[in-house]
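Participant: Chain by chain, the residues:
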Amino acid sequence: MKSPESNASRWSPMARGCASVAILAYLAAVIVPPLAGPAPASELASRILQPLRPLVGAVYLGHGYRFFAPNPGPGHTIRWTMTMPDGSTRSGRIPDEALDRPRLLYHRRFMVSEKISALVPLADAPADIRERAKRDWQPLVKGVATNLLRREGGLSVTLETVEHYLPDPGEVLASGTYADAVTPLGSYAWAEPPR
Amino acid sequence: MTTVRSLPARRTVSRSAAQPPAPVLVSRGWLAEWVAAWNAFWFTPADPLPLAVIRIVTGLILTWSCVVWLLDADAFFGDRGWLRPDQVWRMNDQPWQWSGYFVASSPTMIRVVAGISLVAAILLTIGLATPLAALVSFLGLVSAANRAPLNVFGLDDTLGMLLVPLVIGPSGARMSVDRLLAGPGQGRGGESSVRAGIALRLLQVHLCVVYCFSGAGKLFGASWWEGTALWGAIANDRYRTLDLRGLAGHPLVVNALTLATLWWEATYAALVWPRLTRPLCLAMAVLVHLGIGLAMGMMEFGLAMIAANLAFVSATTFESLLRPFTFRNPDSPDILPGTPSDHP
Numbered sequence: 001m002k003s004p005e006s007n008a009s010r011w012s013p014m015a016r017g018c019a020s021v022a023i024l025a026y027l028a029a030v031i032v033p034p035l036a037g038p039a040p041a042s043e044l045a046s047r048i049l050q051p052l053r054p055l056v057g058a059v060y061l062g063h064g065y066r067f068f069a070p071n072p073g074p075g076h077t078i079r080w081t082m083t084m085p086d087g088s089t090r091s092g093r094i095p096d097e098a099l100d101r102p103r104l105l106y107h108r109r110f111m112v113s114e115k116i117s118a119l120v121p122l123a124d125a126p127a128d129i130r131e132r133a134k135r136d137w138q139p140l141v142k143g144v145a146t147n148l149l150r151r152e153g154g155l156s157v158t159l160e161t162v163e164h165y166l167p168d169p170g171e172v173l174a175s176g177t178y179a180d181a182v183t184p185l186g187s188y189a190w191a192e193p194p195r
Numbered sequence: 001m002t003t004v005r006s007l008p009a010r011r012t013v014s015r016s017a018a019q020p021p022a023p024v025l026v027s028r029g030w031l032a033e034w035v036a037a038w039n040a041f042w043f044t045p046a047d048p049l050p051l052a053v054i055r056i057v058t059g060l061i062l063t064w065s066c067v068v069w070l071l072d073a074d075a076f077f078g079d080r081g082w083l084r085p086d087q088v089w090r091m092n093d094q095p096w097q098w099s100g101y102f103v104a105s106s107p108t109m110i111r112v113v114a115g116i117s118l119v120a121a122i123l124l125t126i127g128l129a130t131p132l133a134a135l136v137s138f139l140g141l142v143s144a145a146n147r148a149p150l151n152v153f154g155l156d157d158t159l160g161m162l163l164v165p166l167v168i169g170p171s172g173a174r175m176s177v178d179r180l181l182a183g184p185g186q187g188r189g190g191e192s193s194v195r196a197g198i199a200l201r202l203l204q205v206h207l208c209v210v211y212c213f214s215g216a217g218k219l220f221g222a223s224w225w226e227g228t229a230l231w232g233a234i235a236n237d238r239y240r241t242l243d244l245r246g247l248a249g250h251p252l253v254v255n256a257l258t259l260a261t262l263w264w265e266a267t268y269a270a271l272v273w274p275r276l277t278r279p280l281c282l283a284m285a286v287l288v289h290l291g292i293g294l295a296m297g298m299m300e301f302g303l304a305m306i307a308a309n310l311a312f313v314s315a316t317t318f319e320s321l322l323r324p325f326t327f328r329n330p331d332s333p334d335i336l337p338g339t340p341s342d343h344p
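One line per chain: the protein sequences are A and B, in this order.
Residue 105 in this note's numbering sits at position 105 of the first sequence; the count goes up by one each step and never skips.
Residue 118 in this note's numbering sits at position 118 of the second sequence; the count goes up by one each step and never skips.
Bear in mind the hints are in silico, worked out from the structure with no lab data behind them.
For glycine and all other residues, C-beta sits at the position ideal for the given N, C-alpha and C.
Accuracy of the hints is not assured; some may be wrong.
Unchecked claim - Chain B stretches covered by chain A per the calculated footprint, using a threshold of three residues with CB under 8 Å from any CB of chain A:
{"no.": "1", "segment": "196 to 207"}
{"no.": "2", "segment": "241 to 251"}
As the list claims (entries may be wrong) - Counterexamples of contact, computed for chain A against chain B with all Cβ distances above 10 Å:
{"no.": "3", "residue": "Pro70"}
{"no.": "4", "residue": "Asp128"}
{"no.": "5", "residue": "Glu131"}
{"no.": "6", "residue": "Ser156"}
{"no.": "7", "residue": "Pro184"}
Start from the sequences, fold in the hints, and give me the full structure.
Facilitator: Here it is in structure tokens:
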């Protein structure tokens, strides 16, 4: 059996050199994004990331890998109530475990609620914080409203995010009922009649 | 009574006393060792069988993911979907995070692009036109993920991590239609290759990075130190597919499961390399990811992470498990049997 070094020589030194540069670039694109975010992150990591952004974006490596970190939090849904052209109302939620099947489809829709809710302060947050955050979440919520109105054929829709209470073990053993935190996201209607 | 005997002077010591080595030579030796170690790590040829197994599992999950994208394609990729094209920049890094769906935005073209991605994923699974199928599958995944950042999660990150090595390495060299079409006299199939070694190494290192940051992120959380974090997952009814709330009366069990998960993840990057601890690391990975899949309804994510862990399983292990299914000329010798993971 040949030694690893002799097998490595299957490739010419030039080929190994070029491949090494490519490997190092790829490893940098793998390692730097989670160093640079999510917060807390260093200024140094952010600066190192700048020249790597084209590569990181092109090969879809801009991830933080903080699965269920720092702490598993409560789940969120978006509740909606829609006015239909005949004046009736229809309601639902995103995601809906009864309708959103298969489970992967449920998760893809669940992410909409989770990611938007992460941008929305609770209703009892200071007014200036809520106003500032609204600039970030409202364009996304408009997209959600547009999609719902298109799908259901409605005229207008009112949305609210629901943070589902996370009971501790004692509360589960006591079989109590819990109050979820509800935050209004506004009402939306077509600016022009739907096509 | 312990006797004391004089030890012979080490050769290096006596030599250094007589004639100190030149610092340049020492430095070159150290550098040469680094280069040799780098070359041995990255450029040792490996059997492509583990890559083929990873290709099949990844292809199946990706095929399913493509089907689900297609179930609601207009909502995911359309102009009036969850996220309008002009708002995508709010969620990801434009213009670098490209997507074919930015160009193909009509309902017909959306289905064409999603359909091509689906066909590529199927071809990748069966190993037909594998290099092209792997590349198109990767482009399809990135297009979908970058156009629909509101709808992606860990599964998509993991599929991206899996697909890059499948593009780079000869993932269709074993267990593929390509192999069957090539016939027994063509190229043998299964010869160790440097590209297979690089691909498996990239996946191994990337997986270590994922667990390292995921584990480090958890170390910020009080609930992980307190041993209650798993309860947060159990009590979250949005994720729940298996009701484990009965564990409310068994806090020490929740503590043990939480701490085992935390320390497995935080130490994975160190303990997966030594042969002594690797089986434990991989067994724990299977348990954790199957647990997430079953209890939190994220089976695709769990299976994708298990597929990534297969990069640490040696070719000889796969060979013995999959012998009835593999097509390989017995006269074709391995220069170095096994995956790079056989060579710590």
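Participant: Hint by hint, note whether the structure agrees.
Facilitator: Structure-based check of all given hints:
no., hint, in the structure
1, 196 to 207, "holds (count 4)"
2, 241 to 251, "holds (count 6)"
3, Pro70, "violated, 3 Å"
4, Asp128, "holds, 21 Å"
5, Glu131, "holds, 17 Å"
6, Ser156, "holds, 15 Å"
7, Pro184, "holds, 20 Å"
Of the numbered hints given earlier, the model fails hint 3 alone.
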